[in-house]
Amino acid sequence: QKEVEQNSGPLSVPEGAIASLNCTYSDRVSQSFFWYRQYSGKSPELIMSIYSNGDKEDGRFTAQLNKASQYVSLLIRDSQPSDSATYLCAVKGYSSASKIIFGSGTRLSIRP
Amino acid sequence: DVKVTQSSRYLVKRTGEKVFLECVQDMDHENMFWYRQDPGLGLRLIYFSYDVKMKEKGDIPEGYSVSREKKERFSLILESASTNQTSMYLCASSTGQAVAAEAFFGQGTRLTVV
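So the protein sequences, as listed, match chains E and P. Positions in the first sequence are counted from 1; adding 6 to them yields our numbering. Positions in the second sequence are counted from 1; adding 523 to them yields our numbering.
You may find that some hints are simply not true.
To be verified - Going by beta-carbon spacing under 8 Å, a handful of chain E positions derived as facing chain P:
(1) 57
(2) 71
(3) 98
(4) 110
(5) 111
Said to hold, decoys possible - So these bits of chain P aren't anywhere near chain E, every CB distance computed over 10 Å:
(6) 538
(7) 539
(8) 566
(9) 576
(10) 596
(11) 630
Hint data in this document are derived by calculation from the structure and do not stem from the laboratory. We treat Cβ as the ideally placed atom computed from N, Cα and C, and that holds for glycine.
Construct all of the structure, not just a fragment, from the sequences and the given hints.
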């Protein structure tokens with residue numbers, strides 16, 4: 007079993023709709039969870055981080071964490087063509103010296 | 524702003540060569556990471572370092588070594604480059620906090636081994 011799993015997509019969503027991206031992780035003691043966006047040919051950039059159970063909202067983005075189910079999700083409201091990218095879920099363990107492990111990413115395409 | 528700088532954007536090396544990829548960060552971060560990214564496989568961790576001269580193997584350390592002699596610099600070494608090491612290599616750094624320590628990435632090095 008991979009440590010961090012995501013559906014590879016592509017996920018196609020009409021402009022203006024809600025895009026829902028999902029991620030599961032295997033290490034129960036993980037403490038920090040991140041969503042990165044990566045455009046083709048560019049480096050990943052952080053868009054959301056979440057550390058406690060529940061929802062965290064930032065503009066059009068909402069991250070959701072359920073530690074009991076070992077599940078993290080990202081919702082993008084009012085999807086725009088500029089949201090078309092690969093979204094990477096990342097998980098960090100409980101200590102300061104823990105590694106950060108990434109999923110393989112979900113490719114999102116927003117169709118006009 | 525955090526800046527993570529990788530020494531080269533593109534590199535072409537021959538099979539069997541010793542290759543050095545350099546990464547420097549300017550935010551006094553404790554942790555530094557080397558990942559490789561291949562289509563469909565996401566970012567796979569090669570090595571990471573949580574302090575000067577300290578390192579831990581990631582998921583795919585075979586064929587690689589690392590060096591961290593100074594806090595700001597983390598080098599990835601391919602002892603004898605092979606064609607299956609052709610990839611995009613990404614360096615990242617983060618603080619030493621237990622929580623909220625997101626990774627900041629360099630621009631990446633596209634390495635081609637011929």
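Notebook entry, point to check: Among all the numbered hints in the text so far, which are the ones the structure does not match?
Noted result: 2, 8 and 11
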